[in-house]
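Let's have the full structure, built from the sequences with the hints guiding it.
These protein sequence lines are chains A and B, in that order.
Using our numbering, read the first sequence as starting at 1 and increasing by one per residue.
Using our numbering, read the second sequence as starting at 1 and increasing by one per residue.
To be clear, the hints were calculated from the coordinates, so they are not data collected in a lab.
Among the hints, erroneous ones may be present.
[What the hints assert, rightly or not] Here are the simulated DSSO-like cross-link-like pairs (lysine-lysine), alpha carbons at most 30 Å apart as the crow flies: (1) K58(B) to K44(A); (2) K44(A) to K49(B); (3) K78(A) to K58(B).
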Amino acid sequence: EAGVTQFPSHSVIEKGQTVTLRCDPISGHDNLYWYRRVMGKEIKFLLHFVKESKQDESGMPNNRFLAERTGGTYSTLKVQPAELEDSGVYFCASSQAPEAIEQFFGPGTRLTVL
Amino acid sequence: AQSVTQLGSHVSVSEGALVLLRCNYSSSVPPYLFWYVQYPNQGLQLLLKYTSAATLVKGINGFEAEFKKSETSFHLTKPSAHMSDAAEYFCAVSPSGAGSYQLTFGKGTKLSVIP
Chain A
1 EAGVTQFPSH SVIEKGQTVT LRCDPISGHD NLYWYRRVMG KEIKFLLHFV
51 KESKQDESGM PNNRFLAERT GGTYSTLKVQ PAELEDSGVY FCASSQAPEA
101 IEQFFGPGTR LTVL
Chain B
1 AQSVTQLGSH VSVSEGALVL LRCNYSSSVP PYLFWYVQYP NQGLQLLLKY
51 TSAATLVKGI NGFEAEFKKS ETSFHLTKPS AHMSDAAEYF CAVSPSGAGS
101 YQLTFGKGTK LSVIP
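Spelled out as structure tokens, the structure:
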């Protein structure tokens with residue numbers, strides 16, 4: 001069984017540019033989470049999808065971040081325009097429904113904004 | 001609100017020595033508790049979890065953790081460190097009620113194993 005995959009593994013962009021991160025959860029997992037780790041700090045929750053619906057987006061830092069989950073399968077996280085403080089590692093995780101506790105994490109996307 | 005404190009951002013142990021990584025949590029509701037490990041260039045892997053069953057939880061690779069409600073702790077231990085245990089370890093908590101199971105993480109502890 002394939003695990004959670006994320007693309008790209010690394011992204012280096014200039015301040016003001018747009019970047020889109022993609023996450024493919026484990027097949028059949030209805031729950032999809034995005035987290036972010038800024039350098040030197042803890043991993044922080046961004047948002048939670050149940051199928052294609054946003055269950056909880058309380059962790060999204062501001063309106064420059066837009067997350068979507070088309071058809072309840074893969075998800076994208078777009079940052080537009082990117083700022084220096086957006087640099088960090090973005091993790092995606094998935095879990096089975098309905099009240100799955102264990103989340104399976106992807107390898108993360110390292111985003112560097114110059 | 002929930003929070004997690006991991007004491008020590010870096011811990012070094014000799015190969016064969018006891019590994020003890022400390023985690024204290026704060027939660028307004030009964031929590032679920034987790035330890036995750038991240039090896040270089042990999043994602044987070046679940047080591048073990050506490051979900052209100054037995055307070056002593058055994059995980060993969062010989063790790064275990066004990067939930068102590070009175071101390072609000074969930075320390076991770078392994079009797080004998082192996083070189084392959086060198087990694088970063090994260091303690092996390094989530095609420096035990098229905099709804100979003102978002103994880104709240106500690107800052108992580110990097111474990112070095114000295115030969």
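Quiz item: Is the hinted pair K58(B) and K44(A) satisfied, with a Cα-Cα distance of at most 30 Å?
Solution: At roughly 26 Å apart (the allowed maximum being 30 Å), K44(A) and K58(B) satisfy the hint.
Exercise. For the pair supplied as a hint, K44(A) and K49(B), confirm whether the alpha-carbon distance does not exceed 30 Å.
Key: holds (19 Å)
Practice problem: Assess, step by step, whether the Cα of K78(A) is no farther than 30 Å from the Cα of K58(B), and give holds or violated. | Solution: violated (39 Å)
Hint compliance for this structure: hint 3 is the single one not met.
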